[in-house]
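In the order they appear, the protein sequences are chains A and B.
In this text, residue positions in the first sequence follow the working numbering: the first is 1, and each later residue adds one.
In this text, residue positions in the second sequence follow the working numbering: the first is 1, and each later residue adds one.
Please keep in mind that the hints were generated in silico from the structure rather than gathered at the bench.
Among the hints, a few may not be true.
Here are the computed lysine-lysine pairs in the DSS-like style, where the Cα-Cα straight-line distance is at most 27 Å [as the list claims (entries may be wrong)]:
| # | chain 1 | residue 1 | chain 2 | residue 2 |
| --- | --- | --- | --- | --- |
| 1 | B | 127 | B | 172 |
| 2 | A | 127 | A | 233 |
| 3 | B | 28 | A | 127 |
| 4 | B | 222 | B | 233 |
| 5 | B | 222 | B | 2 |
| 6 | B | 172 | A | 73 |
| 7 | A | 73 | A | 133 |
| 8 | B | 2 | A | 172 |
| 9 | B | 233 | B | 127 |
| 10 | A | 2 | B | 73 |
| 11 | B | 133 | B | 222 |
| 12 | B | 28 | B | 233 |
| 13 | B | 73 | A | 73 |
| 14 | B | 233 | A | 222 |
| 15 | A | 233 | B | 172 |
| 16 | A | 172 | B | 3 |
| 17 | B | 127 | A | 28 |
| 18 | A | 3 | B | 2 |
| 19 | A | 133 | A | 233 |
| 20 | B | 133 | B | 28 |
| 21 | B | 172 | B | 133 |
| 22 | B | 233 | B | 3 |
| 23 | A | 172 | A | 28 |
| 24 | A | 172 | B | 172 |
| 25 | A | 73 | B | 2 |
| 26 | A | 28 | B | 3 |
| 27 | B | 222 | B | 73 |
| 28 | B | 233 | A | 172 |
2 protein chains.
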Amino acid sequence: MKKTIGILGGMGPLATADLYRKIVENTKADGDNDHIRVYIDSNCAIPDRTAAILRGGPDPVPEMLDALRNLEKCGADCVIMPCNTAHYFLPRLQERTAQPILDMREITAAQCAARFPGACACLLGTKGTLEAKIYDAALAQQGVDFLLPGERERDELMRLIYGVVKASRPLKPEMEAWHELLVTLRGQGADYFVLACTELPILAAALGHPGPFIDPTLELAKAAIRFCGYETK
Amino acid sequence: MKKTIGILGGMGPLATADLYRKIVENTKADGDNDHIRVYIDSNCAIPDRTAAILRGGPDPVPEMLDALRNLEKCGADCVIMPCNTAHYFLPRLQERTAQPILDMREITAAQCAARFPGACACLLGTKGTLEAKIYDAALAQQGVDFLLPGERERDELMRLIYGVVKASRPLKPEMEAWHELLVTLRGQGADYFVLACTELPILAAALGHPGPFIDPTLELAKAAIRFCGYETK
């Protein structure tokens with residue numbers, strides 16, 4: 001019996017759409033009936049994760065649990081969350097559900113080790129993800145060497161994530177800012193970039209830079225496909 | 001109190017992803033929390049609609065109802081179906097749910113009348129949609145003049161829908177075939193095209209043709225946004 005996926009979404013909605021499309025496009029299928037059954041709750045009422053972690057903003061867990069209950073009711077066999085920062089709250093969610101929540105950080109770190117052995121990653125994400133060290137243990141576990149953007153670059157990442165992608169602003173005018181950011185980080189020793197905020201693969205796809213990138217959204221999609229017993233393309 | 005959307009999806013999965021993205025991209029929003037809560041059941045077990053209508057294939061209604069029950073359990077205030085052919089079964093679904101199912105045909109026909117008054121539409125869709133006259137009443141109601149593709153063009157549409165988009169084949173190599181099809185139909189009197197199969201807007205976006213087109217997926221997304229009390233962009 002093949003399994004189904006539940007997407008605990010809305011963090012943000014465009015990133016949720018991106019993950020869902022990546023599941024569909026990476027499933028080996030010749031027609032509608034070869035695909036995986038996917039349940040999504042795009043709960044846009046979930047409070048901001050970075051604000052909760054760093055600035056004492058409202059706890060997002062109650063609204064995340066509300067979505068999780070819907071996915072359970074539908075019958076999802078696993079749960080995935082298209083928000084890196086949200087993984088800070090994964091242990092609190094996992095202890096309240098029997099459904100396995102696939103951990104985007106572990107899946108991503110394994111890809112870093114496999115694809116770029118010995119190279120230095122640069123972790124791009126929200127201040128919540130970077131300052132709460134959300135990825136650090138997973139990367140260390142896989143022996144992945146990495147550097148973090150400095151204060152100026154973190155501000156720029158927050159502007160691109162919150163002020164552009166989440167704010168539904170046009171992406172194209174950010175081409176120069178995005179390329180400049182990556183050049184700076186390259187100069188600091190980054191061999192490749194981990195797009196560890198689900199808004200960033202959307203930006204990267206629109207602004208065409210050679211990277212190289214690791215896209216945690218894509219890796220999560222592929223891991224979920226395999227978890228369900230389907231083949232990836 | 002703003003409302004929520006339930007997407008009865010999986011017919012096909014890529015079209016479901018397309019509708020969901022169009023809802024997100026067309027909602028006026030400055031951040032995650034300004035978006036609409038959307039529930040999706042992408043139920044890929046729903047039997048083929050055209051096969052059921054024209055060739056006595058398995059009835060899709062039980063699996064459609066299964067997805068509808070999940071959307072009800074989540075608390076969706078309205079239901080939308082990203083499959084034009086599936087609208088053949090809308091009355092059987094509507095009589096079994098209190099949630100309003102927004103009718104993509106009526107929404108599309110109203111747009112045809114508003115945007116192309118007096119012009120001749122060409123209805124592009126599956127054989128199920130064309131032969132069961134799924135759109136005819138809605139177009140007639142709005143006084144929209146339209147023509148249907150002939151047998152050869154219907155075969156070509158089925159090949160593009162089933163043999164290319166639903167079969168996860170590359171779209172770009174179909175550029176010439178798609179343009180040729182539209183030129184032929186233009187020669188027969190079509191002033192504009194209604195992309196009345198949810199796989200066709202995906203093809204049209206990838207193959208860049210000036211149309212002009214009416215995209216029922218986009219119109220359904222916008223109608224659902226307005227139904228929920230949100231503003232479209």
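Hint-by-hint comparison with the structure:
Restraint check: the Cα-Cα separation between residue 127 (chain B) and residue 172 (chain B) comes to about 23 Å, which is no more than 27 Å; the hinted pair holds. A distance of roughly 34 Å separates the Cα atoms of residue 127 (chain A) and residue 233 (chain A); the hinted pair therefore is violated under the 27 Å criterion. With a CA separation close to 26 Å, the supplied pair residue 28 (chain B) and residue 127 (chain A) stays within the 27 Å bound. As the CA atoms of residue 222 (chain B) and residue 233 (chain B) are separated by approximately 9 Å, the hinted pair is consistent with the 27 Å bound.
Between residue 222 (chain B) and residue 2 (chain B) the CA atoms are separated by roughly 15 Å; this keeps the pair inside 27 Å, and the hint holds. Restraint check for residue 172 (chain B) and residue 73 (chain A): not satisfied, since their Cα atoms lie roughly 40 Å apart, outside the 27 Å limit. With a CA separation close to 33 Å, the supplied pair residue 73 (chain A) and residue 133 (chain A) exceeds the 27 Å bound. Of the supplied pair hints, the one linking residue 2 (chain B) and residue 172 (chain A) is violated, its CA atoms being roughly 32 Å apart against a limit of 27 Å.
Restraint check: the Cα-Cα separation between residue 233 (chain B) and residue 127 (chain B) comes to about 34 Å, which exceeds 27 Å; the hinted pair is violated. For the hint linking residue 2 (chain A) to residue 73 (chain B), the alpha-carbon distance of about 23 Å falls within 27 Å, and the restraint holds. About 24 Å separates the Cα atoms of residue 133 (chain B) and residue 222 (chain B), which keeps this hinted pair within 27 Å; it holds. Distance hint between residue 28 (chain B) and residue 233 (chain B) is fulfilled; the C-alpha atoms sit about 5 Å from each other, no more than 27 Å.
For the suggested pair residue 73 (chain B) and residue 73 (chain A), the alpha carbons sit about 7 Å apart, so the restraint of at most 27 Å is met. As the CA atoms of residue 233 (chain B) and residue 222 (chain A) are separated by approximately 33 Å, the hinted pair breaks the 27 Å bound. Annotation: proposed proximity of residue 233 (chain A) to residue 172 (chain B) holds, straight-line Cα distance about 18 Å (limit 27 Å). For the suggested pair residue 172 (chain A) and residue 3 (chain B), the alpha carbons sit about 32 Å apart, so the restraint of at most 27 Å is broken.
Using a Cα cut-off of 27 Å, the hinted pair residue 127 (chain B) and residue 28 (chain A) holds, with the two alpha carbons roughly 26 Å apart. A hinted pair counts as satisfied when its Cα atoms are at most 27 Å apart, and residue 3 (chain A) with residue 2 (chain B) does not qualify at roughly 33 Å. Straight-line distance between C-alpha atoms of residue 133 (chain A) and residue 233 (chain A) comes to about 33 Å, which puts the hinted pair past the 27 Å bound. At most 27 Å may separate the alpha-carbon atoms for a hinted pair to count; residue 133 (chain B) and residue 28 (chain B) exceed this at roughly 35 Å.
For the suggested pair residue 172 (chain B) and residue 133 (chain B), the alpha carbons sit about 30 Å apart, so the restraint of at most 27 Å is broken. Pair hint residue 233 (chain B) plus residue 3 (chain B) holds up; C-alpha atoms about 18 Å apart against a cutoff of 27 Å. Distance check on the hinted pair: residue 172 (chain A) and residue 28 (chain A) sit about 32 Å apart at the alpha-carbon level, beyond 27 Å; violated. With a CA separation close to 23 Å, the supplied pair residue 172 (chain A) and residue 172 (chain B) stays within the 27 Å bound.
Of the pairs offered as hints, the one joining residue 73 (chain A) and residue 2 (chain B) holds, with about 23 Å between alpha carbons and a cut-off of 27 Å not exceeded. With a C-alpha separation of about 35 Å, the suggested pairing of residue 28 (chain A) with residue 3 (chain B) is violated against the 27 Å cut-off. For the given pair, residue 222 (chain B) sits about 24 Å from residue 73 (chain B) by alpha-carbon distance, which is consistent with the 27 Å threshold. For the hint pairing residue 233 (chain B) with residue 172 (chain A), the CA-to-CA distance comes to about 18 Å; that is within 27 Å, so the pair holds.
Checked against the numbered hints above, the structure violates hints 2, 6, 7, 8, 9, 14, 16, 18, 19, 20, 21, 23 and 26; every other hint is satisfied.
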